[in-house]
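From first to last, the protein sequence lines stand for chains A and B.
Note that full-length UniProt numbering has the first sequence beginning at 1, numbered continuously upward.
Note that full-length UniProt numbering has the second sequence beginning at 1, numbered continuously upward.
I should point out that these hints are in silico values taken from the structure, not numbers from a laboratory.
You can take every hint at face value.
Interface residues of chain B toward chain A, partial, derived using beta-carbon atoms under 7 Å:
id, residue
1, Val-81
2, Ala-96
3, Leu-97
4, Leu-101
5, Leu-109
6, Gly-110
7, Glu-112
8, Leu-123
Derived lysine-lysine pairs resembling BS3-like cross-links, with alpha carbons at most 27 Å apart:
id, chain 1, residue 1, chain 2, residue 2
9, A, Lys-243, B, Lys-114
10, B, Lys-171, B, Lys-233
11, B, Lys-114, B, Lys-171
12, A, Lys-243, B, Lys-171
13, B, Lys-150, A, Lys-243
14, A, Lys-243, B, Lys-55
15, B, Lys-198, B, Lys-233
16, B, Lys-198, B, Lys-171
17, B, Lys-126, B, Lys-114
18, B, Lys-126, B, Lys-150
19, B, Lys-114, B, Lys-150
20, B, Lys-233, B, Lys-251
All of these numbers come straight from a predicted model, not from anything done at the bench.
Ideal Cβ placement from N, Cα and C applies to all residues, glycine included.
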Amino acid sequence: MAMPMESPITFTNVGKAKWWQRGIFASQTGYVLLALAVLLVIMHFASPYFFTEGNMQNVAKNFSFIAIATLGVTFVIITGGIDLSVGSMMCFSAMITSMVMTELSTPGSPAGSLFVHMAADGKTVVANVPGLILLVSLLAGLGVALIAGLVNGFCIAVLGLSPFVTTLGMLSIVRGLGYVVSNGRGSFPGGPDADYFYALTSGDVLGVPVPFIYLVILALAMAVVLHHTSFGRHVFALGGNEKAAELTGIPVVRVKIEVYVICALAAGLQGIIISGWLGSAPANMATSYELNVIAAAVIGGANLAGGIGGPLGAIVGCVLLEVIRNGLVLAQVSSYWQQTLVGVIIILAVLVDRIRSRMS
Amino acid sequence: MANAATASQPVLELTGIGKEFGAIRALHGVDMHVHPGEVVGLMGDNGAGKSTLVKIIAGNFRPSHGEIRFAGSAVHFNRPVDARAVGIEVVYQDLALADNLTAAANVFLGRELKRKFGPLALLDHKAMAARALELFGELRSETRPDDLVKQMSGGQRQAVAIARTRLSNAKLVMMDEPTAAISVRQVEQVLSLIHRLKEQGVAVMLISHRMPDVFAVCDRVVVMRRGEKRADKPIHETSPEEVTALITGAKEAA
Chain A
1 MAMPMESPIT FTNVGKAKWW QRGIFASQTG YVLLALAVLL VIMHFASPYF FTEGNMQNVA
61 KNFSFIAIAT LGVTFVIITG GIDLSVGSMM CFSAMITSMV MTELSTPGSP AGSLFVHMAA
121 DGKTVVANVP GLILLVSLLA GLGVALIAGL VNGFCIAVLG LSPFVTTLGM LSIVRGLGYV
181 VSNGRGSFPG GPDADYFYAL TSGDVLGVPV PFIYLVILAL AMAVVLHHTS FGRHVFALGG
241 NEKAAELTGI PVVRVKIEVY VICALAAGLQ GIIISGWLGS APANMATSYE LNVIAAAVIG
301 GANLAGGIGG PLGAIVGCVL LEVIRNGLVL AQVSSYWQQT LVGVIIILAV LVDRIRSRMS
Chain B
1 MANAATASQP VLELTGIGKE FGAIRALHGV DMHVHPGEVV GLMGDNGAGK STLVKIIAGN
61 FRPSHGEIRF AGSAVHFNRP VDARAVGIEV VYQDLALADN LTAAANVFLG RELKRKFGPL
121 ALLDHKAMAA RALELFGELR SETRPDDLVK QMSGGQRQAV AIARTRLSNA KLVMMDEPTA
181 AISVRQVEQV LSLIHRLKEQ GVAVMLISHR MPDVFAVCDR VVVMRRGEKR ADKPIHETSP
241 EEVTALITGA KEAA
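Extracted from the complex, chain A is given alone in its bound form:
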């Protein structure tokens, strides 16, 4: 029952914000991006090695190692939640992936007999499609992440526990399980599919490290999901005003569970990629990475109070952290300064944003 328009709106006393007062230009992400650009210029003059191809590849690879998990945690932060279990999740997923791979590649083991058999000359031969072992191992690694994410989401959305406490518990549970299954020794990707595994996790395509390619694809997908689907809109609404989200009929419980699952899967994938680069999944891998990941998200403009954040900010935060680390090494400053500097930058980034919103 559309009513006829009685008068088109004339805006007599409601001004329109100028282009530089809207969108990315008025966001913390914008300021930090600017700071990053300045930093890159300074680095260029400070060290002749900074803009070399080798160093750029190194930087791209290094920040990709936390950036995928940062994308995931950004989803959670936008809803006003937090996930502290990402570091442990990285380790556990990586560990399960390489353990399953090793197990399936061992002739004579219960599960292995389905996938490999011993040839007459004592070599291990793949029984079926090459790559199947890798696929099953990856699914196993991501599967445990999925379960942990579901448990997080269930406790937070259905039982109403605080995200901080729930994921702090999950941090410990998952890390502990990692020690239990590996007996504290860690594990190594092995067997006939190990070469594929290394190619997919630490290889490069035309000089571009593959983790960086995954990151770009996932970040673009995240941008589309956040800004062009109703799920993304509900994620923002949940962070902006949870009660309003509930009253307008948004399936709050489902959206919450989904963001924790996305976050756990991103962390799991990240862990698997890191283990490919390390060549192993030690039981203490990625310890306290959750702090780097959350720091990167916050520096990039995700608001821990909820409602604000995005893939660009997550990546900018990760790049900034990595450029600082890399820069300190090139400038031959003790790398112990890095942590101190990162802390200063977290506070500065949030402070600049606060001053800006006071002024406007």
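Guided by the hints, dock chain B onto chain A, whose structure is given.
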């Protein structure tokens, strides 16, 4: 008007509605009916049970006793979404807006328009902005669909919340203090919107403290006190003085 309304079938019928919160009796034996195209003012002091009644009709609470009939059939709401599905829209006092989203996004929150791109259903930003602009035009509110709600005035926010109820074919719109926090000019706009809803045969329940607003638009006024209905009169048979007396308890019932 009142006679014509009673002749039709009521859109909302409450029979013996009661609600207890533990030992506290918030509502007791409320009977009420609202007809299509009728504007009913619901008045009462704080704690009189207005909000509880509204929340029961809107599906936030289930009544402890009594029956709700909507458009002729008995209904049981478990969640606000159920009430909305049959055609009950509420404008909440705190407006239920997400500050970090645009006006258009808030209007369409939970009912986004989408376009199919193969397997993907992506938001149709253009269509939503156009429809929101149209609705703001009807409300004569100078509100841009692409502005963030965070940056808006009280009246603009109110317009966004009311525009939301105009999206669906609502049969009953309940407004909780819609004129409490806005300018005189905007009060006029909200009241004229209520008139337009009425012309379209939509029933409106106006919960308000502002006596002039109630007497300006309502056909009938219902007064609540201490969880009970104390009066239910056509507006032309009562006066602001009598209603005030009923609200405060100076007069027990009418």
